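Asks: What follows is the residue order along each chain.
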Amino acid sequence: MLKITDLYASVAGNHILKGLNLSVNAGEVHAVMGPNGSGKSTFSKVIAGHPQYTVDNGKVELEINGQMTDITPMTPDARAREGFFLAFQYPVEIPGVPTSEFLRASYNAVCRHHGLEEMDPIDFDGFIRAKMKILQMDDKYIDRAVNVDFSGGEKKRNEILQMAVLNPRMAILDETDSGLDVDSMKIVAHGVNTLRTKRNAMIVITHYQRLLNYIKPDIVHILYDGRIIKTGGPDLALEVENKGYDWLIK
Amino acid sequence: MAEDDDKQKKSPAAAPDAYKYGFVTDVETDTAPKGLNEGIITFISDKKGEPVFMRQRRLEAFHHWRGMKEPHWANFHYDPIDYQDIRYYSAPRKKGGLSSMEEVDQEVVKTFEKLGIPLGEQKRLAGVAVDAVFDSVSVGTTHQKDLEKLGIIFCPISEAVRTHPHLIEKYLGSVVPYTDNFFAALNAAVFTDGSFCYIPPGVRCPMELSTYFRINAKDTGQFERTLIIADKGSYVSYLEGCTAPVRDENQLHAAVVELIALDNAEIKYSTVQNWYAGDKNGKGGIYNFVTKRGKCAGHHAKISWTQVEAGSAITWKYPSCILMGDHTVGEFYSVALTNNCMAADTGTKMIHIGKNTRSTIISKGISSDRSHNSYRGLVKIMPGARNARNFSQCDSMLVGNNCSANTFPDIQVHNNSSTVEHEATTSRISAEQIFYLQSRGLNKEEAVALVINGFCKEVFKTLPLEFAVEAVRLLEMKLENSVG
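First to last, the protein sequences are chains A and B. Residues 787 to 1036, numbered by the numbering used here, are exactly what the first sequence covers, in order. Residues 347 to 830, numbered by the numbering used here, are exactly what the second sequence covers, in order.
Any given hint might turn out to be false.
Cross-link-like lysine to any residue pairs, in silico, SDA-like; alpha carbons within 25 Å at most [said to hold, decoys possible]: (1) B/Lys803 with A/Ala891; (2) A/Lys941 with B/Glu453; (3) B/Lys803 with A/Pro884; (4) B/Lys790 with A/Lys926; (5) B/Lys790 with A/His899; (6) A/Lys845 with A/Asp929; (7) B/Lys803 with A/Leu1022; (8) A/Lys919 with A/Leu1022; (9) B/Lys790 with A/Leu952; (10) A/Lys984 with A/Met787; (11) B/Lys790 with A/Leu1022; (12) B/Lys790 with A/Lys984; (13) A/Lys941 with B/Glu792; (14) B/Lys790 with A/Cys897; (15) B/Lys803 with A/Lys919; (16) A/Lys926 with A/Gly901; (17) A/Lys941 with B/Lys790; (18) B/Lys790 with A/Ser886; (19) A/Lys789 with A/Tyr839; (20) B/Lys803 with A/Met787; (21) A/Lys926 with B/Lys807; (22) B/Lys790 with A/Glu904; (23) A/Lys845 with B/Lys807; (24) B/Lys803 with A/Asp929; (25) B/Lys790 with A/Lys919; (26) B/Lys807 with A/Lys1002; (27) B/Lys790 with A/Lys1002; (28) B/Lys803 with A/Gly882; (29) B/Lys807 with A/Tyr927.
In short, the hints are calculated from the structure, not lab data. A quick note: this is a predicted structure, and the numbers were derived from the prediction, not measured.
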């Protein structure tokens, strides 16, 4: 589904990713953990195509129409339309734009690209309300401006709602657990788990093991200084929880 | 004579900015020599076949103007205007009397078609009556016959001066007298064309009335004059659009618009201003000095201004409401966008005189590149305006780091039963917002449009639908290269 090969990337002249390799198959959930400053957020932004980050070497291949295709030359929106999704660590506010209008515009942009029929506001309303139920979101949500005056928990739920609407094949969740209390985290995790299928894949970026109690990963990677320094099973996350990162770095 | 040899092709200066209305029409013209004096005013008055009172007023205005000084309190600078270096009259040469479409120069008709304003009987826009003004003259008005059946007068103002002199004598200059300001005095002396509307008592105008202003000739100023009278219990929605060719020289546009709403009447006036704004380095563009004012003369009257200001090198414009009658309502909804080196100093004045008068001001300024965008507003509540209410909201959005946004609110309340509220915010369209929206599948243009649309929502929803769509597109186009 996603294959990252020898990826080097920088932002404002600072080299952050230094030869990152990672391969994700359909049906898998991977966790990426790492200490502060290891390059976790850069990793997610580079894969999503943030214009401020430069890919200096390597490639990022996404499965598009059954073919592994290098997406590094593609704009962020083209990646999104091909089934890539990033749940932001810090979702951005868009004043004056109702969430429903934004979501419908996104949904229809993806439909248009795939030659599918666009959804009118009435059908979309029914569609989105069903998704909101899964995340236990209040009906009023969708009339509010995108992320404006949302609490931290509401913002994170809104990210997962967008994921539910766009139904991506490959999603990265960037510290979706940060700023969530335990109850909200359970709801978000439940939402994410409902979206897991054999045909899609996810990478969960997190500092802490606790999210992984609710979203069970198949494979855990430790990111340090811009590359994966260790890969293992779910137990690796528990080990990190107990021992910290130091033993891996030395 | 017009000496343009650049025909209908865009000048090279247009290319980087993609101002799609920047072409010049090659047309034979009747043009006054450069300069301003009594002779020129008499020349204009003669050309228009005006009654004596009109000529007298023009001359009075001219003499008054000569004693006035150009105002310089606005928040921008511009090269001095040489009033003797401007042509005050330019018209496509008549082929016989200019009474029907067939006699209008086909080049002019084609020009308006290119601008999306078909004038021919078959092709005219349904639901919108258009008066098309080309430089100093109106070249055609559509749907006139249909409107006449309802007693609605919609014609070029130069025609109204001849055919309805009593209405003109009574109302022209009654809201904006020539003594009002320097540019209003200039306009009163040399105005050439514009639209006149009269809606009789109790009539709800069934279609949008609109005027499309086109500056074409070189070295020419455009001095439009519009007068709209809504008699008791009537309603009219009026639209105004403007474009001009790309030129390296600055051109002056000094308009006066007067609205009068009698008892229970309502006038809704919408503008999309897209004059040529100059190139990236601030060369060329229209100087837009405009006085727009409405008077709610009768009780329960309402005047609503909506403007989308997206063009002109300089905009100096304060569409205002005088709320004379009791229970009258004034509204001002504005989106002003400046990019490159443009400067806009715009806002409104709400003068509360009658009891229980209400006014609303929603102003959205968007500045990008090296432009300056200022909101300037006056809310004045007179002693007799018991229980008056005003709500003002002035929001600015900055795109990039080299632009500026300013707000100059002036609030004067002369009684203790009134309520005035003022809110202001400044925000920024950020690369992060665009990236966020792009990561959800929207392309960059769609992303910018969504953010701008959200920011301007309260104003756009007051525009007639097709106009709102057009306005969003216009802003999108202007900001295309400014974000990211």
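Asks: Tell me, in ascending order, the numbers of any earlier hints that this structure violates.
Replies: 2, 4, 6, 7, 8, 11, 12, 15, 16, 20, 23, 25, 26 and 27
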